[in-house]
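S.K.: With chain A held as given, fit chain B onto it using these hints.
Quick mapping for you: the protein sequence lines, in order, are chains A and B. The first sequence maps to residues 1485 to 1900 in my numbering. The second sequence maps to residues 163 to 235 in my numbering.
Read the hints as simulated data drawn from the structure, not as lab findings. In this text, all values refer to a predicted model and were calculated from it rather than measured experimentally. Just to be clear, a hint being listed does not mean it is correct.
[Claimed, not checked] Using 20 Å as the maximum straight-line C-alpha spacing, the simulated PhoX-like pairs for lysine-lysine come out as follows:
#1 A:K1898 with A:K1868
#2 A:K1618 with B:K175
#3 B:K221 with A:K1642
#4 B:K221 with A:K1621
[Stated by the list, open to error] Negatives, chain B to chain A, calculated, CB over 10 Å:
#5 D165
#6 E166
#7 N167
Each residue gets a CB set at the ideal place from its N, CA and C atoms; glycine is no exception.
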Amino acid sequence: MVEDYITVSKVTDYIIELFRSDSNLKHVLIKGELSNVKLYPSGHLYFTLKDEESQIKGVMFGAKYKLKSKPKSGTKVLIKGKIEVYKNYGNYQLYADEILKDGIGDLHRKFEELKEKLNKEGLFEQDHKKKIPKFPKRIGVVTAANGAAIRDIITTIKRRWPLCEVMLFPSLVQGERAGENIVRQIKRSENFNLDTLIVGRGGGSIEDLWAFNEEIVARAIYMCNTPVISAVGHEIDFTIADFVADLRAPTPTAAAELAVPQFKEIRNDVDQFNSRANLAINKTLNENMARLDNIVSKKLFTSPGEIYAPKEMQLDLTVNRLVHSSKSLIMKNQNRLDLAKSSSVFKNPGSIIKAKKENYLLQFSKLELLNPLNTLKRGYTLAKSEGKVISSSKDLKSGDELEVEFNDGNVNTKVI
Amino acid sequence: MVDENVSFEDNLKELEEIVEKLEKGDVPLDNAIEEFKKAMDLVKACDDKLKDAQDTIAKIVNENGEIVDFDVE
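Isolated chain B, as found in the complex:
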C-alpha cells in the first residue's frame, strides 16, 4: 500500500519514474509485475487525493491568534 504520509508530489513523481521504467521494458517480468502493482497503488492514492478535493478552506488568523473561517463574499 502507499504510505499515507508521503506527499502527493512524491507519489506523482514515483509514479512517473515507475511508468518510465516500465516503458523502457528492460525490467524482468517478476519485477515488472511488482512495479506495475505499485504504479496502480500510486494511481489510486493520487485519485483518492484528487477526489478528496473540496472547496478551498480559507481562514483568517486574527491578532489574538484566533483562527476563524474567512468568508470571501
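Isolated chain A, as found in the complex:
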C-alpha cells in the first residue's frame, strides 16, 4: 500500500529524534586525527576525524573565534561536543565545541618543569631585569619577516614615536628550528647598538609558541646585554620567554607601546616645562623688582643728605681740633724761641767772655802754685837717674850716675 511508505525527511526526522533521545550522544569526548580540514569564510571549520578503522565527519561553528589558529590535517586532537544527524544529507556528524591538540598535557608538563628549573636558578629575578630606555633611538625586533607581529610593531612605533629606527632580525618563530634561529638572531642583534630588543611573534597554539618555551631561548634572552621585551602571542599565553625577559608585553603591539613614548605626551611635556620656566623666572624677576623698589624707597635714596650730615659734622670737629692743636704747638715753640733770644748770649756776649777770662786767670794762678819748677827757684833741686826722678835714697847705689837739675841748669854727678 502506498500509504505504508514514508518520506525521506520523515525517516530522517525519526532518526534525528532517536539520536537526540540518547543522552550519551549529547556530550561526547572523542580523540582522533584530523583530515580534510577546511575553514570556510563563514568562520565554520569542517573536518573529518578518523582513526585506523573509522572516520566521522565533523563541524565546528564559529571556529574562527574559538580557535587561536586553524588546525592542520594530520593533527591528533581531543574533541568535546555532541553527535547529531545532519538532515540535509542524512548523515550523522560530530558538532565540536572544543578542539584541543592531543599531547598538550605533555607540553604543559615540560613547561612547568623548565619554569621551575629556571626559577630556581634565578633567571626570573627582578634584580637582573634591565630598565627599558624611555627614548630609544634604535629598536631591534627578532620575529618573522612575513608575520603580523613585525607589521604591528612598526606601525605602532611610527604612530607613537617616529624618532626611532626599527631593525628587523628575521627569524623562524615556529617549528623545530625556530628556537636555535631565535637564539642566533638575538646574539647577532647585539652587534647593532640597539637600545631595546623585542623578541616575539603573534598568537598561536602552545605548539606554535613552543620555541619561546625552549631553554636555549630563555638563556639567550637572559644573557642578552640589550634590554629585552618579550612579545609572544595574545594575552592569555604566558611563555618562559615572558618570565625571563626584562619586560613582558602581551602582544607585539603592546611591546611597541612599551618600547617607545607617546610623541604627543612628550611634545606636551616640553611645552609645559617651557611655560613653567617662563612663569618661574617672571615670578623671580617680579620679586626682585619689588625688593629693589623697597630699597630705593629707603633714606639713602630719598634724602641722602641725612646720611652724610653727621659725618660732615664730625669732619668739621676734627678739622677744628687739628687747627687748634697745631696752633698751640706753634705757640709753645715760639715761646721757647723768644726765651732763647732774650738770653745774655745774644744780648751781651762781651760779659760772658770777660767772666770766662777772669776764671781762666784764676785757674792759671792755681796751676802756678803747683809748678815744680817754681820750687827749684827757691833752691830745691831735682835728682834724676836715666831720665827718672829719684824720690828715695834707696833707689840709688854706689857708682850710679845722677843728673841733678837746678833752677838754671843741670849737673851730672856720681854716687860715692
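M.R.: Then chain B, alone, in the frame of chain A:
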C-alpha cells in the same frame, strides 16, 4: 649651547630639574637668569629633536649581514 651628544632623555630630565629649581624660587637672581637661559636652550634642543621626527625607518638585517629597507606594506 646644549651638547649635541646628550640624549633627549637627559636633556628632558635636566630641563625638568631646572624648572623645579626655578619654581622653588630660592635661586639668586644672577643664577636664576643663567638657569633660565639654560632651560630655554634645552627647550630648543628638545623642540629641534621633536621637529626632526620623520617617518620611522625600518630596516631588515639579512642573513648575509646586508641591511636593506624593510617595507611594511
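S.K.: Hint by hint, note whether the structure agrees.
M.R.: Hint check:
no. : hint                 : in the structure
1   : A:K1898 with A:K1868 : holds (12 Å)
2   : A:K1618 with B:K175  : holds (11 Å)
3   : B:K221 with A:K1642  : holds (13 Å)
4   : B:K221 with A:K1621  : holds (13 Å)
5   : D165                 : holds (16 Å)
6   : E166                 : holds (13 Å)
7   : N167                 : holds (12 Å)
Violated hints: none; the structure is consistent with every hint.
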